[in-house]
Amino acid sequence: MNAAHRAFAPLAAGLAQIGACGRFLLHVLGAVPRSLRYLRETVRQVFFVGAMSLVIIMTCGMFVGAVLGLQLYDVLSRFGSAAMSGTVVALALYRELGPVVTALLFAGRAGTSITAEVGLMRATDQLDAMEMMAVDPLAYVIAPRFLAGVIAMPLLACIFNALAILGAHLVAVSWLGLDNGTFWSNMTASVDLWTDVVNGVWKSVAFGAVVTLIATFQGYTTPPTSEGVAYATTRTVVFSSIVVLALDFVMTAFLM
Amino acid sequence: MAQRQSFQIGTGLFIVLGFAALTYLATQTTSIANYRQGPSYTLKARFTNIGQLKLRAPVKLAGVRVGTVSAIELEPDKLDALVTLTIDRRFDKIPDDSAAAVFTSGLLGDQYVALQPGGSTEPFKDGDEVVLTQSSMQLEELIGKYLVGQGDGGKNGEKPAPKPDGK
Numbered sequence: 001m002n003a004a005h006r007a008f009a010p011l012a013a014g015l016a017q018i019g020a021c022g023r024f025l026l027h028v029l030g031a032v033p034r035s036l037r038y039l040r041e042t043v044r045q046v047f048f049v050g051a052m053s054l055v056i057i058m059t060c061g062m063f064v065g066a067v068l069g070l071q072l073y074d075v076l077s078r079f080g081s082a083a084m085s086g087t088v089v090a091l092a093l094y095r096e097l098g099p100v101v102t103a104l105l106f107a108g109r110a111g112t113s114i115t116a117e118v119g120l121m122r123a124t125d126q127l128d129a130m131e132m133m134a135v136d137p138l139a140y141v142i143a144p145r146f147l148a149g150v151i152a153m154p155l156l157a158c159i160f161n162a163l164a165i166l167g168a169h170l171v172a173v174s175w176l177g178l179d180n181g182t183f184w185s186n187m188t189a190s191v192d193l194w195t196d197v198v199n200g201v202w203k204s205v206a207f208g209a210v211v212t213l214i215a216t217f218q219g220y221t222t223p224p225t226s227e228g229v230a231y232a233t234t235r236t237v238v239f240s241s242i243v244v245l246a247l248d249f250v251m252t253a254f255l256m
Numbered sequence: 257m258a259q260r261q262s263f264q265i266g267t268g269l270f271i272v273l274g275f276a277a278l279t280y281l282a283t284q285t286t287s288i289a290n291y292r293q294g295p296s297y298t299l300k301a302r303f304t305n306i307g308q309l310k311l312r313a314p315v316k317l318a319g320v321r322v323g324t325v326s327a328i329e330l331e332p333d334k335l336d337a338l339v340t341l342t343i344d345r346r347f348d349k350i351p352d353d354s355a356a357a358v359f360t361s362g363l364l365g366d367q368y369v370a371l372q373p374g375g376s377t378e379p380f381k382d383g384d385e386v387v388l389t390q391s392s393m394q395l396e397e398l399i400g401k402y403l404v405g406q407g408d409g410g411k412n413g414e415k416p417a418p419k420p421d422g423k
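Going down the list, the protein sequences come from chains A and B. Read the first sequence against this note's numbering and you will find it ends at 256, with the numbers running on by one and no gaps. Read the second sequence against this note's numbering and you will find it ends at 423, with the numbers running on by one and no gaps.
Do not take every clue at face value.
A partial selection of chain A residues facing chain B, derived with a Cβ cut-off under 7 Å [said to hold, decoys possible]:
1. Val43
2. Gly50
3. Ala51
4. Ala90
5. Leu91
6. Cys158
7. Ile159
8. Asn161
If you're looking for bench data, these hints aren't it; they were derived computationally from the structure. For every residue, glycine included, the Cβ atom is placed at its ideal position computed from N, Cα and C.
Full structure from sequences and hints, please.
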């Protein structure tokens, strides 16, 4: 009995975490209308999680596109269909790589800083102090960050995709000598606005919500110690990555 | 105050950049880029088999895109596929005895409608029907014919089947 108890304890703890996260999501969604009073705070958060992530997103987008162009040109030219490189790059980016890689980068760049910031607010009793001053920390601290993540993620993913296409163009056309017209016309012939571009945007909206939810939840419920904040930050990256990749599979299955 | 302003400018710039990227992706890299909603006219063509032809497939003349396939329906009484072609108004001098054929781009690529100009002096008018049509080439049929037509006990059975566009 005792052994069984011990064996199932981590499972029970995991389930409790998921349950607590679900309740936290409901509270955050409930706090969103109230947070509209603090619109300026949301704008500030969009700046922090979005605009400040631009450099990493653009650099990584460029390189991901460049390596895709390089690899696909190499592989496809073995089958005599190097002309399809642009198409395959675009489809891979819009459907999968754009939203997923952006979400992983976003978890590392913005998710961690949200967890650390909120966690330190918790550790230094700032959240309790706010409550004492009749400021709802969910509406003032959490909901603006959540909204900012939902707003910023799709925009970042679009910028990532655009830069990646340019990177692939740079490698495939300017370097490897694929014809410019072939690159674009094959792409425009087979990429569809709704099934490819818009579905990717939906994915990135969902990923933005998931990553910021996990980040704020970990920060909000962190043990108020420096070690606790450190663990919470790590868990944000680990859980966000797992959930993003799992959710990606589920959403792809549904959106197909 | 100055700091708050810079936040707002930065956020605004970010959002504008994001939407610019989305617009770029949506209009320049998808099939939307091929739409020219300029003035156009329609032609009809009947095919016994359109193969994998899809809506919005290109209509090409001499390899140049002149329009799109705007509707595909089955005629209940004749059991033919009735394909509506929307042709750009700029190309209004296509002879009215031109032929239409369903071709495949590359060996296994997408299918499109190719117009082959005839010699008539009268151009097509809106709503005209293309009388001369050639159906899509079916790879399976060709292979089937080739295999049946051999009949030498499979001596040359190792030879690859002929490719429809001579590639």
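Which of the numbered hints are not met once you compare them with the structure shown?
Number 5 only.
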